Amino acid sequence: MFASFDFDVIRRSLGYLFLDGMAFTLTLTALSALGGIIFGTLIALMRLSGFKVLGRIAGLYVDFMRSLPLVLVIFWFYFLVPYLGQWLTGASRPISVGAFTSALVTFIMFEAAYFSEIMRAGIQSISKGQPAAANALGMTYAQTMRYVVLPQAFRNMLPVLLTQTIVLFQDTSLVYVLSMPDFLGAASKVAQRDGRLVEMYLFAAVVYFTISCVASFGVRRLQARISIVR
Amino acid sequence: MNYNWNWSIFFEPAPGGTGTYFDMLLSGLWLTIQTGIFAWIIALIFGSIVGVLRTLPSKTAYWIGFAWVEFFRNMPLLVQLFLWFFVLPELLPRSWGLWLKQMPNAPFYTAAIGVGLFMSARVAVQLAAGIASLPRGQKQAATALGLTTFQGYRYVLLPIAFRIIMPPLTSEFLNTIKNTAVAITIGLIELTGQARSMQEFSFQVFEAFTAATVMYLLINIVVVTGMRFLERSLAIPGYITGK
Amino acid sequence: MIEINHVSKWYGSTFQALKDCTTKVAKGEVVVVCGPSGSGKSTLIKCVNALEPIQEGDIILDGIKVNDPKTDLPKLRARVGMVFQHFELFPHLKIIENLCLAQEKVLGRSHDEAMAKAAKLLDRVGLKVHANKYPAELSGGQQQRVAIARALAMDPIAMLFDEPTSALDPEMISEVLDVMVDLAREGMTMMVVTHEMGFARKVAHRVIFMDQGEIVEDALKDDFFGKPRSDRAQKFLSKILSH
Chain A
1 MFASFDFDVI RRSLGYLFLD GMAFTLTLTA LSALGGIIFG TLIALMRLSG
51 FKVLGRIAGL YVDFMRSLPL VLVIFWFYFL VPYLGQWLTG ASRPISVGAF
101 TSALVTFIMF EAAYFSEIMR AGIQSISKGQ PAAANALGMT YAQTMRYVVL
151 PQAFRNMLPV LLTQTIVLFQ DTSLVYVLSM PDFLGAASKV AQRDGRLVEM
201 YLFAAVVYFT ISCVASFGVR RLQARISIVR
Chain B
231 MNYNWNWSIF FEPAPGGTGT YFDMLLSGLW LTIQTGIFAW IIALIFGSIV
281 GVLRTLPSKT AYWIGFAWVE FFRNMPLLVQ LFLWFFVLPE LLPRSWGLWL
331 KQMPNAPFYT AAIGVGLFMS ARVAVQLAAG IASLPRGQKQ AATALGLTTF
381 QGYRYVLLPI AFRIIMPPLT SEFLNTIKNT AVAITIGLIE LTGQARSMQE
431 FSFQVFEAFT AATVMYLLIN IVVVTGMRFL ERSLAIPGYI TGK
Chain C
474 MIEINHVSKW YGSTFQALKD CTTKVAKGEV VVVCGPSGSG KSTLIKCVNA
524 LEPIQEGDII LDGIKVNDPK TDLPKLRARV GMVFQHFELF PHLKIIENLC
574 LAQEKVLGRS HDEAMAKAAK LLDRVGLKVH ANKYPAELSG GQQQRVAIAR
624 ALAMDPIAML FDEPTSALDP EMISEVLDVM VDLAREGMTM MVVTHEMGFA
674 RKVAHRVIFM DQGEIVEDAL KDDFFGKPRS DRAQKFLSKI LSH
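Top to bottom, those sequences are chains A, B and C. Numbering of the first sequence is given in the working numbering, commencing with residue 1 and proceeding in unit increments. Numbering of the second sequence is given in the working numbering, commencing with residue 231 and proceeding in unit increments. Numbering of the third sequence is given in the working numbering, commencing with residue 474 and proceeding in unit increments.
Derived from the structure by calculation, the hints contain no laboratory data. Among the hints, a few may not be true.
List of simulated lysine-lysine pairs, DSS-like, C-alpha gap at most 27 angstroms [claimed, not checked]:
(1) Lys543(C) / Lys519(C)
(2) Lys538(C) / Lys675(C)
(3) Lys500(C) / Lys601(C)
(4) Lys500(C) / Lys694(C)
(5) Lys369(B) / Lys567(C)
(6) Lys331(B) / Lys189(A)
(7) Lys601(C) / Lys590(C)
(8) Lys606(C) / Lys369(B)
(9) Lys289(B) / Lys543(C)
(10) Lys548(C) / Lys369(B)
(11) Lys567(C) / Lys548(C)
(12) Lys369(B) / Lys538(C)
(13) Lys708(C) / Lys567(C)
(14) Lys700(C) / Lys538(C)
(15) Lys590(C) / Lys500(C)
(16) Lys519(C) / Lys538(C)
(17) Lys519(C) / Lys289(B)
(18) Lys289(B) / Lys606(C)
(19) Lys52(A) / Lys128(A)
(20) Lys567(C) / Lys543(C)
(21) Lys497(C) / Lys675(C)
(22) Lys369(B) / Lys590(C)
(23) Lys606(C) / Lys538(C)
(24) Lys567(C) / Lys538(C)
(25) Lys492(C) / Lys543(C)
(26) Lys708(C) / Lys369(B)
(27) Lys500(C) / Lys567(C)
(28) Lys712(C) / Lys369(B)
The model shown is predicted, which means the values in this text are computed figures rather than measured ones.
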C-alpha cells in the first residue's frame, strides 16, 4: 500500500518541521497558556469578587468567548489587533503586528475564558474556612488570595489546567487558516511544495498524537500522585 | 478608529449573483446548522457505543473503548479532517479513492463525519462517567430481574445516565456546532467561511464578522433554551440528577 | 430448592470472601442468614443468582446448576426474586412501570397482562394509590414494599432478601417486615439476610450464622435461639439482642 510513497521527504524536511514549525507551536502554546492562566485567574477573581457589575462583565466575556468557534475568533483578532495597536499607541493608522503576536493575543484572550472556568471551580473548591482564617490573621483581600487561596486552587486544579493546555496545544494548529508557519503549517508547506500530502499529513498526525498521548499520560500520573497526597 | 463602517453592506448584492451579502451569510448559517446536527448524530451514536464499551466488565471491550477515545482525542481536529479528506482516498484501493474524491459535497460529508467522530470521544467519556456514577445496585437489580446486559443498559442504565449527563451534553452539542468551523480548511463554506468570503469581497471586515458572531450567539441561545426545555421535560420527579 | 455445596469465592487473588460454604433451602422453607458485617452473608446470597461469580463449589437452583457456563442466567434469574438493601427501584420509571418492565421484556407478557398483575401486587402491599408516582416520591418503607412487589410480579419460585430493612428508618421497618411475614406464611421459599431476630423467631425455619466467610452455625430456629453451639454466635446474639 505504501509502495508509491516517499517517506524520505519527511527526513529531508525534519529540520524545518521541528526547528521552525514545532518551535513556533510550542512557544505559542507555552506563552498562551501562561497568559491565558493569568488573565483567566483575573476573570475568575472578578466573577467571585462580589461586585455585581464586575462579575457580570466577566461572566459575559466568558460566555461570549465560549459561544464562538476558535476559527472565527482567530479571524477577528487578526483584523482587530492592528486597530487595537493603533488605539493603544495613538498612532495615525492601524499598526501591522507580526503573525505570531496576533496569534498570541488571540489564544490568550480565547483560552482565558476556559482557564477562568477552571480557576473559578478551583477557588470555589477551597473551604470557606481558609479565607476566614487568613482574614483572622489580618491579611488583606489581595494577600489572602495571593498567599492562601490561589496557591491551593492552582495546585488542586493543576491536572485540569494541564489537560486544557494539551487542548490548547492541539488548537494552535488552527493558525493554519492564516497560513502561519506552525508545525502543521510547515508540514503543509512541504506537502504542497513536494506534492506529498499523504506522507506529510500522516507524519503530522503521528507527531501530534505522540506528544498529546505522552503529555496526557504524564497528567494522569500527576493526578494520581496529587490524589494520594490529599 | 479610522475604519469606514458600512452597515448597509448586508443589503448590497454579493458577487456570484445569488443574492445579497446577508443571503450569503444565511446560507452559511444553514450549512453550519446542517453540518452540526449531522455531526452530532454521529457523535451520539458512536459516543454511546464506545461509552458503554468502557463500562462493560470485558477487558477487550474496555480496551477498544480506551483506544477509540485516545485516538480521537489526541490529534487536532484539523489534522483529523486532513486525514479523512486528503489521506484516506490515497490509502484506499484506487477505484474507491477515486469515488471518494469525485463525490459531490465531499467537504460536507468529511466535516460531518470527521467532527462527529472527533466529538464521539468526548460523548463517550461523559457517558461512561455518567454510567459509572450510578449506584452499583441498579445494574444488579436489573440483572436479578432477568434482564440481559443489553436490556439492562437499554431500559435502566442508559435512560438514567443520559438524564444525568444532559448539562455536559448540551455544551458538547454546542462544541460540535462550533467545531464545524474548522471545516473551512477543507473548503466547507459554512458560516465562518461565508463571513470570510464576504470580508474578502466587500472589505467590510468587522461588519461581516459581527454578523457571524451574532448568528453564533443566536445558535447558542436557541440550543441552550431547547436543551433546558428537554432537560425539564425529562426530569424525574423527586430525583435529583447531577451536581 | 437451593443447594449450596462447598462454595468458595475470592476477590482478586488474596481476599477470600467465602470459605467452603455448604447449606440448602428446601421448598417452602424460610432461612435467615445473619452474622456481623463483612461476614460474607450478602456475598453468599448474591452468589445464589450469580450476581457474584464463585470460584469453587456448586450452586444448584431448582435442579439447575447456576455456575455452569451453559446455564441461561437471565432466564434462571427471572425465576428468583431479589430484594436489595437500597431498594434499587428504577428512578426514571413510575412505580407501575417498575413492576411491568421485566414482566414484559423478560417474560414476554403483554402490557395489559403485566399491568393487571402489577396492580394486583401493588394492592397487596397497600400501595395501589401510588402506582403513577416515581420512586423518589415515596418513603423508604414504601419503596421497599414496591421492590418486593416488583420481585413477586415475576412469579418467583423463591425470594432472596439482602438486608431488606437495614437502610430504613426505624419507624418504617415493620411495614416491610409485615409483608415478608405474610409471604413466609403463604409458603414462599425465602432466603433472608437480616439482623431482625424478631422476624427470624416469628417465621424462620432455620437460622444460618456466618463469620469471616464461613458458615459457623446452621441450625433449626429453636435450637439456634435456645442454645447456639458456637461462641461466636453466642457473642453475636448477645450483642444484637441486648439493645
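For each hint, the structure was consulted:
Between the alpha carbons of Lys543(C) and Lys519(C) the distance comes to roughly 19 angstroms, so the proposed pair stays at or under 27 angstroms and holds. Distance check on the hinted pair: Lys538(C) and Lys675(C) sit about 32 angstroms apart at the alpha-carbon level, beyond 27 angstroms; violated. About 30 angstroms separates the Cα atoms of Lys500(C) and Lys601(C), which puts this hinted pair outside 27 angstroms; it is violated. Restraint check: the Cα-Cα separation between Lys500(C) and Lys694(C) comes to about 17 angstroms, which is no more than 27 angstroms; the hinted pair holds.
As the CA atoms of Lys369(B) and Lys567(C) are separated by approximately 18 angstroms, the hinted pair is consistent with the 27 angstroms bound. Taking the CA atoms of Lys331(B) and Lys189(A), the gap is near 22 angstroms; set against the 27 angstroms cutoff, the hint holds. Pair hint Lys601(C) plus Lys590(C) holds up; C-alpha atoms about 12 angstroms apart against a cutoff of 27 angstroms. For the hint pairing Lys606(C) with Lys369(B), the CA-to-CA distance comes to about 22 angstroms; that is within 27 angstroms, so the pair holds.
This hinted pair checks out: Lys289(B) and Lys543(C) have alpha carbons roughly 21 angstroms apart, not beyond 27 angstroms. Distance check on the hinted pair: Lys548(C) and Lys369(B) sit about 16 angstroms apart at the alpha-carbon level, within 27 angstroms; holds. Distance hint between Lys567(C) and Lys548(C) is fulfilled; the C-alpha atoms sit about 24 angstroms from each other, no more than 27 angstroms. Between Lys369(B) and Lys538(C) the CA atoms are separated by roughly 23 angstroms; this keeps the pair inside 27 angstroms, and the hint holds.
Of the pairs offered as hints, the one joining Lys708(C) and Lys567(C) is violated, with about 44 angstroms between alpha carbons and a cut-off of 27 angstroms exceeded. Under the criterion of a C-alpha separation no larger than 27 angstroms, the hint pairing Lys700(C) with Lys538(C) is inconsistent with the structure, at around 35 angstroms. With a C-alpha separation of about 24 angstroms, the suggested pair Lys590(C) and Lys500(C) falls inside the 27 angstroms cut-off, and the hint holds. About 15 angstroms separates the Cα atoms of Lys519(C) and Lys538(C), which keeps this hinted pair within 27 angstroms; it holds.
Restraint check: the Cα-Cα separation between Lys519(C) and Lys289(B) comes to about 23 angstroms, which is no more than 27 angstroms; the hinted pair holds. For a cut-off of 27 angstroms, the pair hint linking Lys289(B) to Lys606(C) is broken: about 39 angstroms separates their Cα positions. Between Lys52(A) and Lys128(A) the CA atoms are separated by roughly 20 angstroms; this keeps the pair inside 27 angstroms, and the hint holds. Between the alpha carbons of Lys567(C) and Lys543(C) the distance comes to roughly 35 angstroms, so the proposed pair goes past 27 angstroms and is violated.
With a CA separation close to 20 angstroms, the supplied pair Lys497(C) and Lys675(C) stays within the 27 angstroms bound. Restraint check for Lys369(B) and Lys590(C): the C-alpha separation of about 24 angstroms stays at or below 27 angstroms, so the hint holds. Distance check on the hinted pair: Lys606(C) and Lys538(C) sit about 39 angstroms apart at the alpha-carbon level, beyond 27 angstroms; violated. Using a Cα cut-off of 27 angstroms, the hinted pair Lys567(C) and Lys538(C) is violated, with the two alpha carbons roughly 35 angstroms apart.
Between Lys492(C) and Lys543(C), the direct Cα distance comes to roughly 25 angstroms. Compliance with the 27 angstroms bound is thereby established for this hinted pair. Our distance criterion of 27 angstroms between C-alpha atoms is broken by Lys708(C) and Lys369(B), whose separation comes to about 36 angstroms. Of the pairs offered as hints, the one joining Lys500(C) and Lys567(C) is violated, with about 33 angstroms between alpha carbons and a cut-off of 27 angstroms exceeded. Proximity of Lys712(C) to Lys369(B) is assessed by CA-CA distance (about 34 angstroms); at most 27 angstroms being required, the pair is judged violated.
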